[in-house]
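Engineer: The lines below spell out each chain.
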Amino acid sequence: MTGISLNPDRFFSPDPTTRSLARRLYEPVARLPIVSPHGHVDPRLFADPQATFGSPADLFIIPDHYVTRMLYSQGIPLEQLGISPLNGKAETDHRKIWRLFCTNFHLLRGTPSGIWLQHALSEVFGINEKPCADNAENLYDHLAERLARPEYSPRKLFERFNIAVLCTTDAATSTLEHHRAIRASGWQGQIRPTFRPDGVTNLEAPGWQADILRLSEISGVEVVDYASFIQALEMRREFFKHMGAVATDHASLTPFTAELTPGAVEQIFQHALKGQATPNDAARFTAHMLMELARMSVEDGLVMQLHPGSLRNHNAGIFQQFGPDKGADIPIQTEYTRNLLPLLNKYGNDSRLTLILFTLDEATYARELAALAGHYPALKIGPPWWFHDSLNGMQRYFDQVMETAGLYNTAGFNDDTRAFCSIPARHDVWRRASANWVAGLVARHIVDLDEAQEMMQELAVGLARRAYRLA
Amino acid sequence: MTGISLNPDRFFSPDPTTRSLARRLYEPVARLPIVSPHGHVDPRLFADPQATFGSPADLFIIPDHYVTRMLYSQGIPLEQLGISPLNGKAETDHRKIWRLFCTNFHLLRGTPSGIWLQHALSEVFGINEKPCADNAENLYDHLAERLARPEYSPRKLFERFNIAVLCTTDAATSTLEHHRAIRASGWQGQIRPTFRPDGVTNLEAPGWQADILRLSEISGVEVVDYASFIQALEMRREFFKHMGAVATDHASLTPFTAELTPGAVEQIFQHALKGQATPNDAARFTAHMLMELARMSVEDGLVMQLHPGSLRNHNAGIFQQFGPDKGADIPIQTEYTRNLLPLLNKYGNDSRLTLILFTLDEATYARELAALAGHYPALKIGPPWWFHDSLNGMQRYFDQVMETAGLYNTAGFNDDTRAFCSIPARHDVWRRASANWVAGLVARHIVDLDEAQEMMQELAVGLARRAYRLA
Amino acid sequence: MTGISLNPDRFFSPDPTTRSLARRLYEPVARLPIVSPHGHVDPRLFADPQATFGSPADLFIIPDHYVTRMLYSQGIPLEQLGISPLNGKAETDHRKIWRLFCTNFHLLRGTPSGIWLQHALSEVFGINEKPCADNAENLYDHLAERLARPEYSPRKLFERFNIAVLCTTDAATSTLEHHRAIRASGWQGQIRPTFRPDGVTNLEAPGWQADILRLSEISGVEVVDYASFIQALEMRREFFKHMGAVATDHASLTPFTAELTPGAVEQIFQHALKGQATPNDAARFTAHMLMELARMSVEDGLVMQLHPGSLRNHNAGIFQQFGPDKGADIPIQTEYTRNLLPLLNKYGNDSRLTLILFTLDEATYARELAALAGHYPALKIGPPWWFHDSLNGMQRYFDQVMETAGLYNTAGFNDDTRAFCSIPARHDVWRRASANWVAGLVARHIVDLDEAQEMMQELAVGLARRAYRLA
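Heads up: the sequence lines are chains V, E and A, in that order. In the working numbering, each residue carries its 1-based index in the first sequence increased by 13. In the working numbering, each residue carries its 1-based index in the second sequence increased by 13. In the working numbering, each residue carries its 1-based index in the third sequence increased by 13.
Where hints are given, some of them may not hold.
Distance condition first, Cα-Cα at most 20 Å in a straight line; then the derived SDA-like pairs of lysine to any residue [as the list claims (entries may be wrong)]:
1. E:Lys-359 to A:Gly-336
2. A:Lys-339 to E:Asn-358
3. V:Lys-254 to V:Val-178
4. V:Lys-359 to E:Ala-329
5. A:Lys-339 to E:Pro-355
6. A:Lys-254 to A:Arg-479
7. V:Lys-359 to E:Gly-336
8. A:Lys-339 to E:Asp-363
9. E:Lys-339 to V:Tyr-360
10. A:Lys-359 to V:Ile-89
11. E:Lys-359 to A:Ile-89
12. A:Lys-359 to V:Phe-332
13. V:Lys-339 to A:Leu-354
Worth flagging that the hints you see were computed from the coordinates, not collected in a lab. From a predicted model like this one, the values you see are computed outputs, not experimental measurements.
Only chain V is shown next, with the shape it has when bound in the complex:
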């Protein structure tokens, strides 16, 4: 059993000059409010003042595919981690799940999940031992006791975490009922929806036809053709904006963009309504919709986020047995220069648009994204995403993006998480990694300390606020 030590200098370069500069740069931003413009926390948690996080396994294991994938990769069946097969049973003894997790905690050595978990255990729950077989029972008892206390409710933790704004991710067909309940409750936590229409814009999304029906219903526009589809989307965007949304979010396998003729798009849409869209139809429709969505953003001012490059559900067996989001999404090589050409030629020079690009292919940082964002007024580069939201991922991002794109064409940090209790940890890692990067610039006399301090304010809060129009 070894201790969790959140050393005050953690993640900083061991070089004494860099370290002391990093500390000095980090200190003033360490406790700034958290701006979280992109994430996946369930708004339901905040809708009900009595909501709780459930058991320690509910909080830290079962929903966290970063954790369960690592255990699965070492041969531990997902069922034993409390993940229910679609037609079958999972382990329901949460204490047993917790024990399995603790026994295998060493697998997370040196991983971001290892860092986030230790931070949350220590800072949020006052635990100062690394989980292991020997302390599993004690830790479980300790956590369960804390989670039952009122001050560990989502709303209380939201306040304790000093979150200025938290954006959720919501389907185009969502009623935003939880967001409404939050507002109605009079609670002051700022929680905003984000418009994510993939379920209706991706013709291959499971249940697309059902979702279109839902879209018709909720928008009050009967979707019978492409024009009514667009009208329904626009009405939903208006509603989301009214509910506080500042952004939209879009996943696609590639960033391919292309404008179809009205005839071609109508034909594809009609095929889809009949359940006859081909994979090629779907790819062309996505390419077209990215342009249409950029047009909408120009008009309504919602910031557009694009997250391409993840081949979802790579493991067919796991997908069939357990469904999506089980840690089996694998990145692919991604190309932006040619794929975004049509969209950028049409909207890239228009400052009314902010298009934030993300990538899972780091080879594109220095090669494509930095050069694009260092030219087009509409472009910003999003923070290191998913597998790259890590100390090394951030360092590669700073080293490969900033010289060409310039700091001011980036968008600050996203925690992008479902795991609410990891939010302070994630922002802390970013602020520390930022301080370490900027300290390196000061130590090598590339920027001076005054500039460095301004850059730190931007990295911690300013860039995100500005990119997402949250000022």
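Model the placement of chains E and A on the given structure of chain V, informed by the hints.
Structural biologist: Same frame as chain V, but now just chains E and A:
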């Protein structure tokens, strides 16, 4: 307003061991003459002893697309930066342009342009404040006064910069009149042309037909078919050599090489003469010409440079409004292993050829270029190019190229610049980055100090002289 | 003439904190036995107790394509390095070859070969000067004298090197006669064969038909169709297992996998038997065989290794004149996510399979391999391979693989070498690079010292033993 401090240890690792070694390695090469075998300085500047650089905006802003692209990316129209639309007017008040630049100078924090500009302002013009809104007027006055002095003429600065040789880049159809004027003037500055025939070898170059007419005229060979085209090119090469050229330079979208049959190449050439060449014809012709140009280099000894991987004029709106070279060229993924196979199989084992390869796709450094250059006698790897001509770009280059290619299969440094006053800054960055890299090898006991000192001489001057046959 | 100094802190970061931690972590693993689960040492060396390494040129130059390629790249003909053309003569004066090597030893500055050679010269042969023109004769005499001594026989060095296990690489058609002789001799050195069937699974392998005849002969199964081919392979695997093999090894241009129908595979196989297989047939057959070989591994427990991404014999002239393995194999871009999908969907969830993936395309580390290995139970990531088996290659591997894959989904180290005397050097570089990486984690408070020490045991020995089932 903050100072420009050109700290003597700038850009070196903050680690004291590495820093002191880097200083010791840098010192003896710091003031070696500058060898600039590849760049874009206008030879006209040196043809007329009375030539000047114009206003501060003429010198530092208007022609520098590294600077204007960054300002444009933040929403500043190019017209306001003094860049004239093809059919329209730009700001002509250079003091106003300068003010806008100074006000936005913070956008260049941590970028190579920021580094080069501060070096030139300080070292060349004695300015020790970073440009900002408050000092814009004073800096303008100061610079304008200096630029009017005779000792700030291009020739005087050339001498002050201690440039041993400067190679320009010149169209195949150029009369080289400025180079002739320089020679005729008796001035001793060594300025050499470089043969860049893209205008006539790229069938898609705007004005190709007109350029072919110009080629006929200037070579005295009427270009009516492929054979006469080749003959005209060979005569131009001979003339360039006679005028001091040591190298040729070629851009292409990809490094695809392939030899066409005489019938096929003639057919494409005849199509082109009639203005009927297709994009596919052009791609095949470029692939063929790269081999033909390698053959010519084998025969006449001109070093061949290949710069592939830039998708030119990505922003159609900017291209239509302002023309080329406005900061909208974006890199694409590049493949060398298969693309160069035909050329290397034919000429790669021939030491009479030196082919220097450049890349905008750093993923090819360790994967393809280092392995190719570590085998083929004819190959050398050029220095980090364009967006990668930066401190991090150089570090990645050293780390990813040298272990496999070996130092002696690289070609030293190119400044590749139009911005004459940035030349000392750029070579200084390279020499410092080199010293820092070699210091790291010494500090880790990979090479010893004697070896390190020899490597530094090579990096600063020797490799470039040898690769470009300038010894 | 400068000294070889094997500084005890070599390859560690110069930062004092990191360096002292690295030293502390390295020390306990420095002298652990060497586990070498993948390499190309000739088993014949150990079959005969009287075998010797020949001359200094035989040992260090002629068979080492890492060395000869670098000399060749600088214009030195392979013949002068003692490499015989298929129809011609090479230099036979080994002293002359040695002199040429010494005179050009500076070309290896900063390369892994330079490091390995200095280590072997110093540690194995007691030479403490870097080779150069001046000491060439003396070094030759010194080495020749040592090589003639009984204690420099392969078996004695094997023992002195403290090699616990050494796996060779052997054709499917090999009689494993040397392995049998080693066993029969009663010598205790553990030398195991590895099943490498590329000669019969790659329809484009030179001499495929002859190899199929040999396969029939040696297996006792007449190979007349696909079924008998598979049966023969399975019998050979059984024999290899019986002779101590724990693994198979497979090269392929790409990692493309796909299952053919029985009819399709039979048709291709029959074409091949008639010498009529097309390149497309061969690619599809390889894709199919990778799945078949995974199936066999599931059944017989042999660990499967896949080494894709090398375009063999890039230099046609060298290949025609000298044959394969002359330093002209060049990496290509590689894609794993889509290519391995069929294989992983069929066998990736099966813990009976261990599939160890290697790459020559480092862009796939963080993008594809780490994400795949961090999910599929059957996958492990092999160590940095070939051109990336270097200090920087290892650092990039640690930085790009470990955060997402986790240490425990990697496979430790392979020396992958023909050059027996470089084995201790190569493992030492790995152990030092590992210590330096882990020291950085400790210095930045990402793992604590207890964890670090456990990780070091894994990196030095444990991961390799476990991945290759050598426990």
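Engineer: Compare the structure with each hint and give your call.
Structural biologist: Hints versus structure:
1. E:Lys-359 to A:Gly-336: 18 Å, holds
2. A:Lys-339 to E:Asn-358: Within the cut-off at roughly 15 Å; holds.
3. V:Lys-254 to V:Val-178: Judged against 20 Å, a Cα distance of about 15 Å means the pair holds.
4. V:Lys-359 to E:Ala-329: Judged against 20 Å, a Cα distance of about 9 Å means the pair holds.
5. A:Lys-339 to E:Pro-355: 19 Å, holds
6. A:Lys-254 to A:Arg-479: 17 Å, holds
7. V:Lys-359 to E:Gly-336: 18 Å, holds
8. A:Lys-339 to E:Asp-363: 17 Å, holds
9. E:Lys-339 to V:Tyr-360: 18 Å, holds
10. A:Lys-359 to V:Ile-89: Within the cut-off at roughly 18 Å; holds.
11. E:Lys-359 to A:Ile-89: Status holds; Cα separation ~18 Å.
12. A:Lys-359 to V:Phe-332: Holds, because 13 Å separates the two Cα atoms, which is no more than 20 Å.
13. V:Lys-339 to A:Leu-354: It holds: about 16 Å lies between the C-alpha atoms, which stays within 20 Å.
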